[in-house]
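Colleague: Counting from 1, position 118 in the sequence shown corresponds to residue 127 in this note's numbering; the numbering is continuous, with no gaps.
Don't take every hint at face value.
Said to hold, decoys possible - Each pair of labels, with its calculated beta carbon distance range:
no.: 1; residue 1: L175; residue 2: G116; range: 25 to 31 Å
no.: 2; residue 1: D95; residue 2: A119; range: 22 to 28 Å
no.: 3; residue 1: G116; residue 2: R179; range: 34 to 40 Å
Quick caveat, the hints were computed from the structure, so don't treat them as lab data.
In this text, a Cβ means the ideal position worked out from N, Cα and C, and glycines have one as well.
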Amino acid sequence: MAELDGRELIRAQYAFAQDNLEGTAAKCPPELLAKTIEGSLTNPFGATWAHAVITQDLLLVGWLQGREPVYHAGGWRGKTGFELPDSPVVTREWAEALRVDAGGLRGYAADVRAAVDGYLADAPAEALLEEVSFGPQPRTKLWMHGTLGVWHVTTHQGELAALLGLEGMRGQLL
10 MAELDGRELI
20 RAQYAFAQDN
30 LEGTAAKCPP
40 ELLAKTIEGS
50 LTNPFGATWA
60 HAVITQDLLL
70 VGWLQGREPV
80 YHAGGWRGKT
90 GFELPDSPVV
100 TREWAEALRV
110 DAGGLRGYAA
120 DVRAAVDGYL
130 ADAPAEALLE
140 EVSFGPQPRT
150 KLWMHGTLGV
160 WHVTTHQGEL
170 AALLGLEGMR
180 GQLL
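All chains should be built: construct the whole structure from the sequences, respecting the hints.
Modeller: What follows is the structure in C-alpha cells.
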C-alpha cells in the first residue's frame, strides 16, 4: 500500500471539496444567485459561493503564499460581477448587494483552485510546516489549507446545497 503524506491528503481532500462546490454551483439557476430568503439571516447563494472563493484567494494565495491575489493577477476585475473586497468577512449588506456573474466567478474559482493546488504540489515541505498566527495559537500552513481550503469550502458547499433544497432542487451531487 502506498504511503499517503499530509500534503497528498490535503490535495486529495481539496480537490474533492472543490469538485463538490463547483458541482453544486453549477446547479444554481441565474435567478437564484441573488435571492434572499424572507425572515432569514442566510446569505444569497451567489454571495456564499463568492465568499468561499474569495477566502481562498485572499488567505491561501495572498496571505499564505505572499502572492498577489488571483483576482488581480488574473485580470478578473469586471468579469465576476464584483470587486475583490479587502477582507473575506461577509457583511449582510455586502451579501445582499452582490450581483455575481456565474461564468466569471466559475472561471475565477478555477484559477484560484489551480493556484492553491499548484502551491500545495510544489511548496517545499518546510514551507508547508511553517507556522503562522491564526486564532488562539499558531498553525502550520498545511493545517490552514485543510481548514480554509477543505473544511471552510465544504461547509459552504453544504449551505449552498441546502439553499437549492429550499427551492425544490437537489443540491448534493450524490
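Colleague: Next step is simple, just say for each hint if it's right about the structure.
Modeller: Hints, one by one, checked against the model:
| no. | hint | result |
| --- | --- | --- |
| 1 | L175 to G116: 25 to 31 Å | holds (27 Å) |
| 2 | D95 to A119: 22 to 28 Å | holds (23 Å) |
| 3 | G116 to R179: 34 to 40 Å | violated (25 Å) |
Comparing the model with each numbered hint stated earlier shows that hint 3 is the single one that does not hold.
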